[in-house]
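> Chain by chain, the residues run as shown.
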Amino acid sequence: MDTQNLPPHMRPDRSFQGLILALQRYWADQGCVILQPYDMEVGAGTFHPATTLRALGPKHWKAAYVQPSRRPKDGRYGENPNRLQHYYQFQVILKPSPDDLQNLYLKSLAAIGIDTRLHDVRFVEDDWESPTLGAWGLGWECWCDGMEVSQFTYFQQVAGFECAPVAGELTYGLERLAMYVQGVENVYDLNFNGREGAERVAYGDVFLQAEQEYSRHNFEHADTDMLFEQFRMAEGACKTYLDAGWADETHTRHLMALPAYDQCIKASHVFNLLDARGVISVTERQSYILRVREMAKACGAAWLATAGGGAA
Amino acid sequence: MPDLLLELFSEEIPARMQARAAEDLTSMVTNRLVDAGLVYEAATAFATPRRLALAIQGLPAKQPDLREERKGPRVGAPDKAIQGFLKGAGLDDLSQATIQKDPKKGDFYVALIEKPGRPAIDVLAEILPVVVRTFPWPKAMRWGTGRLTWVRPLHAIVATFGPETEDPDIVPFSVDGIASGDTTFGHRFLAPEKIRVKHFDDYVEKLAAAKVLLDPARRRAIVLADAKSLAFAQGFELVEDQGLLDEVSGLVEWPVVLMGSFDPEFLKIPDEVIRSTIRANQKCFVVRNPGTGTLAPKFVLVSNNEATDGGKAIVAGNERVIRARLSDAKFFYETDLKTRLEERLPKFENIVFHEKLGTQAERIARIERLAVELAPKVGADVDKVRRAARLCKADLLTEVVGEFPELQGFVGKTYALAQGEDESVAAACEEHYKPQGPADRVPTDPVSVAVALADKLDTLVGFWAIDEKPTGSKDPFALRRAALGVIRIVLENSLRLALVPLIGKARDEGLAVTGPKQALPEAGPLAADLLAFFADRLKVQLREQGARHDLVDAVLALGLQDDLVKIVRRVEALAKFLDSDDGKNLLVGVKRATNILRIEEKKDGVRYEGPADRTLFRADEERALASAITEAKARATAAVGAEDFSAAMAAIATLRPAVDAFFEKVTVNADEAPVRANRLRLLDEIRAATLAVADFSRIEG
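Chains A and B are the protein sequences, given in the same order.
Oh and the first sequence: position 227 is 227 in this note's numbering, straight run, nothing missing.
Position in the second sequence (from 1) plus 1000 gives the number in this note's numbering.
Hints listed in this document are in silico derivations from the structure and should not be mistaken for laboratory results.
Built from N, CA and C at the ideal position, the CB exists for glycine as well.
Certain hints may be false.
Unchecked claim - The calculated PhoX-like cross-link candidates involving lysine-lysine, where the alpha carbons are at most 20 Å apart (straight line), are:
hint, chain 1, residue 1, chain 2, residue 2
1, B, Lys-1268, B, Lys-1312
2, B, Lys-1071, B, Lys-1104
3, A, Lys-73, B, Lys-1347
4, B, Lys-1283, A, Lys-107
5, B, Lys-1377, B, Lys-1505
6, A, Lys-107, A, Lys-62
Stated by the list, open to error - If we take Cβ atoms under 10 Å as the criterion, some of the chain A residues that face chain B in the derived model are:
hint, residue
7, Gln-102
8, Asn-103
9, Glu-125
10, Asp-126
11, Val-166
12, Gly-168
13, Gly-183
14, Ala-237
15, Thr-240
16, Asp-275
17, Gly-278
Isolated chain A, as found in the complex (with noise of 0.2 Å):
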């Protein structure tokens, strides 16, 4: 696609939301299911069942989508230029990884106006692992000029199961990366719309509130107690729907994986909301971690017993 032919406010290079469209248009042109966000609080892309589960069994599996990510800890009252407890990922996952994901990955930043002649690309050794959904990969940075713009990750394990065949897994930090192709030094600078003048709508006229007013509850009010009881009833609720949705004794087909793996993201997050609380000291932090992974795991064995698992 040339990126010249767009209207202006289109362009990725001026526009927010421009960047996240081309994005889009490029790998439906790959053949990826174009999904929306998930419709919870998740740290991460990978989070979304689309990206986890689906990378569990032996179904091939296409998609992108945008992930609003939540860092708690990251909030930084909206006084850092470059760290936001709310920002966006675009995250793309092609199972089984083609051969030619890597010139996939440098034809999408291509897509976005980065050219290849001019800059110095570079895949840069970061193994991947999360230690709360009981997952591992290896891969790269990738850097643009030396900033980091994605993470590349060939899966390996998820949930504690192998993955057979490998995802192939792209995340795109699209703050950085379009600070970076707008020419940006400050996130709450980026032109989000890609208009000038009185309709020209900056990043900071939708988040700038947004993130003092996070950070003030991240750090400072969010209610301990309730967090705590929300936890355990998470996890609660996590393993009754999951000793609930076993179709039969022999425990072969599983009904209820999605619901429960909700709940599991669920935990996470409000783990995540305790810990920038500076409520979990760092003994009982394992032990949380612990706990989530626990909960993803048994959710992994669920979704293998699902039809969207490859279960027969």
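Position chain B against the provided structure of chain A, taking the given hints into account.
Positioned in the frame of chain A, the structure of chain B alone reads:
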């Protein structure tokens, strides 16, 4: 003679794994070739981010022929035996076997098996896929639908074989659907097209034309030379960094070195912080002013692309990232400076050092008390030591150390100086971590020495007490390094310290913290066990410095010793003594005495212990030896007391003529049993006398 060219073309191989992979590839292929009887002239391997390559020169075209004679059954043996022999030897019938005459046992069949050598290319076609399948990557992965594992997806294999003068053949094999061939690819962006290659020279040349420098040494040389000249051209000097050079050379196939700038305003940040920021996050070099040695507001980046704009966009992009990083670092640094180090300490109360060893605050308190105890013993000012011990870990809570853990200590010193601490106190904040390794400097300022020893002893005693000792290759808490650190600090500062009471003190401190619930081992056994660990480390250390390990053993065998300086002096004196004629001869005599004793004691089932009974002496030589021993022992003991080990050795050396005369004239195994027993007791006196300086039985030769 034919050559082999092998290339394994993949997605980006982590820089830190490349050199090792090249070595492994060489040894894996060549070992198998040699095992197959294919001896080669030379083998060289190379690595870039996207390929591992191996060139083997001078392989034979085929394996040598093998001839083997296999002995069969007797002529006339049962048919079953004959058939088994024919099958095993691969013969159709007995006419293909020969008969060997044997008048004694009877004639028997012999099969001559001739195994013609196979063509080397066939052998290679078997070896190479095995090498690919079993390659020892530190971390490997699967991809797509395949089962093969490689460091990252493997895409193509070049394997050509043939004499230099001819077009080579392709070694035919395939691994998980990837067939070998003669096709590779050039630089990812500058020349991505397919390339067909023949021999190694042709391969290297074509790759270079396609903007790929195969040899990492060449890439390193280019990066270094270009970086130096870019810096020089602007009147600066490159701050060289071997680790970084190796890493960036493993991140590029076609190094293009560029220089960027940052705002001089950032130079307010300490140089080390700037360097860590630029190095760790951006993998760029920094440059300095040759006159002052301070950093200049420039950096050198190594790109993998010859950009069409001459690198303007690349430099601009890197400058932006470095600006953001330095802004962060500056913010961290300035934020840090707003809080005095001691104000940070309460936070340590909520940070667990180790589950069984209490919080960081408790640990710091332990270190402080131990350091104060040590202060007078190492000639340090007690107040300064107390202050230094209290502040030395505070930088762990700073933003800058949070971002760059490798700057711990340095940051503590910088902030201590900034808040007006005494120079020794500030220095101790950095130096108490030293020595970090065999090449690292040992602290000499007494304040640093006291805190460094206290820190290390607390760590050692603590982990010893909770039974987290190093085992085999596992030493997660770096206790060997801590012990070696104590040893080097003590020896290089010639500190006379009794370690046992210090270990006891450290243990009691631990007890105070962890309370009676935690069953700590008793001070005695703990100290003995830990001292044995120190002794082992000391042995390694002295051996590396060229001391004879048997002499170290001979001194350490004397029993519990906790004064390291004294141990080393004894070993030195012993070595000198054994170089002298008196020493050598006395050693022979003493060894003879102990050997006789050992044999006779074993025979009799008794242990003969001195002193010998003077009234049972029959020969003058016995009497002379007994009085020589009495005198030598007294002098040696006095000398050891005065720590004059040379004099002690000299005193023991005076025994030599008496010992020699005794063995010459006196028969130990006398007929009269009481006289024999008494002589054996006299021999024990020799043994006992020499124990004043060393256990001679441990000395070799």
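> A separate judgement is required for each hint: does it hold in the structure or not?
Right, here's what the structure says about each hint:
1. With a C-alpha separation of about 27 Å, the suggested pair Lys-1268(B) and Lys-1312(B) falls outside the 20 Å cut-off, and the hint is violated.
2. Pair hint Lys-1071(B) plus Lys-1104(B) holds up; C-alpha atoms about 16 Å apart against a cutoff of 20 Å.
3. A threshold of 20 Å between alpha carbons decides the hint, and for Lys-73(A) with Lys-1347(B) the separation of about 18 Å falls inside it, so the pair holds.
4. The hinted pair formed by Lys-1283(B) and Lys-107(A) fails the criterion: a straight-line CA distance of about 26 Å is larger than 20 Å.
5. For the proposed pair Lys-1377(B) and Lys-1505(B), the alpha carbon gap of about 14 Å is at most 20 Å, so the pair holds.
6. For a cut-off of 20 Å, the pair hint linking Lys-107(A) to Lys-62(A) stands: about 17 Å separates their Cα positions.
7. Contact between Gln-102(A) and chain B, as hinted, is supported at the beta carbon level, the nearest pair being about 6 Å apart and thus within 10 Å.
8. Annotation: Asn-103(A) was flagged as interfacial toward chain B, and the flag holds, the nearest CB pair being 9 Å apart, inside 10 Å.
9. Residue-level restraint check for Glu-125(A) holds (minimum Cβ-Cβ distance to chain B is 4 Å; threshold 10 Å).
10. The beta carbon of Asp-126(A) comes within 9 Å of a beta carbon in chain B, closer than 10 Å, and the hint placing it at the interface holds.
11. Among the interface hints, the one on Val-166(A) holds; its C-beta lies about 5 Å from the nearest C-beta in chain B, closer than the 10 Å criterion.
12. Annotation: Gly-168(A) was flagged as interfacial toward chain B, and the flag holds, the nearest CB pair being 8 Å apart, inside 10 Å.
13. Annotation: Gly-183(A) was flagged as interfacial toward chain B, and the flag holds, the nearest CB pair being 8 Å apart, inside 10 Å.
14. A hinted interface residue such as Ala-237(A) counts as satisfied when its beta carbon comes closer than 10 Å to some beta carbon of chain B; here the least separation is about 32 Å, so the hint is violated.
15. For Thr-240(A), the shortest C-beta to C-beta distance to chain B is roughly 33 Å, which exceeds 10 Å, and the interface hint is violated.
16. With 10 Å as the threshold, the beta carbon of Asp-275(A) stays out of range of chain B, its nearest partner Cβ sitting at about 14 Å, so the hint is violated.
17. At a threshold of 10 Å, the smallest CB-CB gap from Gly-278(A) to chain B is about 9 Å, leaving the interface hint in force.
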